[in-house]
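Enquirer: Since the structure of chain Z is provided, determine the placement of chain P on it from the hints.
2 protein chains.
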Amino acid sequence: MREFIDQLIVKNLDNPFLRDLSDSVHLPLDIAFTTDSYVVDPIFFPGGDIGTLCVNGTVNDLVVSGAEPQYLSLGLILEEGMDIAELEKILISIQQASQEAGVQITTGDTKVVRRGQADKIYINTAGIGRIIAKASLSKVQPGDKIIVTGTLGEHSLAVMLARGDFGLETEAKSDCAPLNFLLPFWEQGVFWMRDITRGGLATVLSELAERLPHALIVEEEKIPLSRAVLGATQLLGIDPLYLACEGRAVLVAPESVADSILNEIKKHALGQGAEIIGSINDKIGKPGELLLATASGGLRLLEPLTSELLPRIC
Amino acid sequence: MREFIDQLIVKNLDNPFLRDLSDSVHLPLDIAFTTDSYVVDPIFFPGGDIGTLCVNGTVNDLVVSGAEPQYLSLGLILEEGMDIAELEKILISIQQASQEAGVQITTGDTKVVRRGQADKIYINTAGIGRIIAKASLSKVQPGDKIIVTGTLGEHSLAVMLARGDFGLETEAKSDCAPLNFLLPFWEQGVFWMRDITRGGLATVLSELAERLPHALIVEEEKIPLSRAVLGATQLLGIDPLYLACEGRAVLVAPESVADSILNEIKKHALGQGAEIIGSINDKIGKPGELLLATASGGLRLLEPLTSELLPRIC
Chain Z
3 MREFIDQLIV KNLDNPFLRD LSDSVHLPLD IAFTTDSYVV DPIFFPGGDI GTLCVNGTVN
63 DLVVSGAEPQ YLSLGLILEE GMDIAELEKI LISIQQASQE AGVQITTGDT KVVRRGQADK
123 IYINTAGIGR IIAKASLSKV QPGDKIIVTG TLGEHSLAVM LARGDFGLET EAKSDCAPLN
183 FLLPFWEQGV FWMRDITRGG LATVLSELAE RLPHALIVEE EKIPLSRAVL GATQLLGIDP
243 LYLACEGRAV LVAPESVADS ILNEIKKHAL GQGAEIIGSI NDKIGKPGEL LLATASGGLR
303 LLEPLTSELL PRIC
Chain P
3 MREFIDQLIV KNLDNPFLRD LSDSVHLPLD IAFTTDSYVV DPIFFPGGDI GTLCVNGTVN
63 DLVVSGAEPQ YLSLGLILEE GMDIAELEKI LISIQQASQE AGVQITTGDT KVVRRGQADK
123 IYINTAGIGR IIAKASLSKV QPGDKIIVTG TLGEHSLAVM LARGDFGLET EAKSDCAPLN
183 FLLPFWEQGV FWMRDITRGG LATVLSELAE RLPHALIVEE EKIPLSRAVL GATQLLGIDP
243 LYLACEGRAV LVAPESVADS ILNEIKKHAL GQGAEIIGSI NDKIGKPGEL LLATASGGLR
303 LLEPLTSELL PRIC
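Read top to bottom, the protein sequences are chains Z and P. Per the numbering used here: the first sequence ends with 316, consecutive numbering throughout. Per the numbering used here: the second sequence ends with 316, consecutive numbering throughout.
Keep in mind that a hint or two might mislead.
Repeated chains share a single entry, so a pair holds when one copy, or any two copies, can fit it.
[To be verified] Each computed DSSO-like pair below joins lysine-lysine, with the alpha-carbon atoms no more than 30 angstroms apart:
1) Lys122 to Lys91
2) Lys122 to Lys136
3) Lys122 to Lys268
4) Lys147 to Lys122
5) Lys285 to Lys269
6) Lys285 to Lys122
7) Lys122 to Lys224
8) Lys136 to Lys13
9) Lys91 to Lys147
10) Lys13 to Lys91
Rather than coming from a laboratory, the hints here were simulated on the basis of the structure.
Extracted from the complex, chain Z is given alone in its bound form (with noise of 0.2 angstroms):
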């Protein structure tokens, strides 16, 4: 086990804290704390595996709390038998999404349980990330902006075709990515940010509503969607406000500077689809209902995802 953690392990993602091997390490830090626990199936697929988003997804916990990421932890539970060149391969896109997001694993741990009591490989990041802001929703007003930071839905996609769910071939690729470009957006007077995973924009933007004396106005039209997003949802009857993403958040901006955050984000590459899609409002519908204003000139209501299969999609 130690020389298995030596050579595979500590090789592949080599810094100062790692070296020391000690169970635990120090840190100096004021700090935001997150947990996630990732069991992708398949480990690997268009655009990224389970390493990249191991990172990524509690990378993007930390950004959109208000924290800077700096320090993970990396929990290991492999079936026994699991193809060594395939661990490196995930170990290898750990450390290179770390360097992308600019944290470092600092302490970890593997479990190795027998043939038929994992699926290959199941992994659990915590991510410690210095305070740099914190969201305010009490000061969210009437006319406020609601932007995503791109297309909806290509993670949940690509990993759903790759399992092969749908017997259907597409270009969809994950959007799993980093989004510590958005952390400069706090100090421009951004209220609130999520990351848009489980259960898509419907069930993000409806746990905001609640929590909101006021209604969300989404509209249809103006929601990002990739055209093999698109095309396969239309052709599978799967609503794309209810897919999981893994690079892409929904914020609460000021109305005075809404459109200028919007340009800022469409400058950097993983923000050129984003968009304003809606606004914080007080004429139509409840305090605490996301309303969706479609294509067709109607208004629906729109729920949290309730029933979840069990979509290991993250």
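Expert: Relative to chain Z, chain P alone:
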């Protein structure tokens, strides 16, 4: 999922941090950081369950690294169809163990995988502690004493027997417990601590020896073993020095204060079985060696555990 989390998880683990249910929590600290995944089989065993284990294991990693345990994250991977009553029992154990160890579960995540893709439940905890001391191996010198805080091997034995590995019955109960009571000994001059987990005392001390310019000598007759462990290991031909504990530690203390530290440890309920079992040595053996002075008067070189079965004992 949200209802499941509210009703089952937040209800059982309630504290002000967790109540927010945000994906990342802000904490005020200067910190140590650690993580472990727990895949113990069976999930309930004499003396504890996977819930007590996932708190104490991570708490103890912090204590022995010189940090006062403060906050834990909790990542659950559940097999579809897992008995909810069993899950709740585990969550109650987590909450009780957290209270006993003075830590709060501040952030968490739950994933569900299909039947046959996990064995009931796997848990990851990451832990954050306030740094109060640091091991100082450079100060260790010949004559310094090696102290174990209690009898060895009960945890491993209790789990293996509960699993039915040997068709044997004993009164062995896991030693799983938080080691916070050892924290004051950092101030009293202890140079180094380690919890005696995977690979047992022999592995932990071998790894220590490798890092020292001295040999370590341990006296077989001083090593505290319960009747249950002594009987079962003799019967089964297992060496108790390689059995994992989850509530025992080994300390290196200056010769001058070793006796007084031993007496202090023995006053604590979890330290009643403590003993000075050996010392740092320059006369016998070579630097980096761990030697066992056997009951029969011989000297035996102890190596770290190399070939690990897939034990799932933690």
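Enquirer: Look at each hint and say if it fits the structure.
Expert: Here is what the structure says about each hint:
For the homomeric pair lysine 122 and lysine 91, the shortest alpha-carbon distances inside one copy (13 angstroms) and between copies (28 angstroms) are both at most 30 angstroms. Proximity of lysine 122 to lysine 136 under the C-alpha cut-off of 30 angstroms is found in neither arrangement, the shortest distances being 38 angstroms within a copy and 37 angstroms between copies. Within a single copy, lysine 122 and lysine 268 get their C-alpha atoms no closer than 38 angstroms, and across copies no closer than 45 angstroms, so neither meets the 30 angstroms cut-off. In this assembly of identical chains, lysine 147 and lysine 122 lie within 30 angstroms of each other by CA distance neither inside one copy nor across copies; the values are 43 angstroms within and 44 angstroms between.
Neither within a single protomer nor between protomers do lysine 285 and lysine 269 lie at most 30 angstroms apart by alpha-carbon distance, with minima of 33 angstroms and 69 angstroms respectively. In this assembly of identical chains, lysine 285 and lysine 122 lie within 30 angstroms of each other by CA distance neither inside one copy nor across copies; the values are 52 angstroms within and 49 angstroms between. Taking identical chains as interchangeable, the C-alpha atoms of lysine 122 and lysine 224 are never at most 30 angstroms apart, the minima being 40 angstroms within one chain and 44 angstroms between chains. Within a single copy, lysine 136 and lysine 13 get their C-alpha atoms only as close as 37 angstroms, which misses the 30 angstroms cut-off; across copies the closest is 26 angstroms, which meets it.
Taking the shortest alpha-carbon separations for lysine 91 and lysine 147, neither the intra-copy value of 41 angstroms nor the inter-copy value of 45 angstroms comes in at or below 30 angstroms. For the homomeric pair lysine 13 and lysine 91, the shortest alpha-carbon distance inside one copy (12 angstroms) is at most 30 angstroms, but the shortest distance between copies (40 angstroms) is not.
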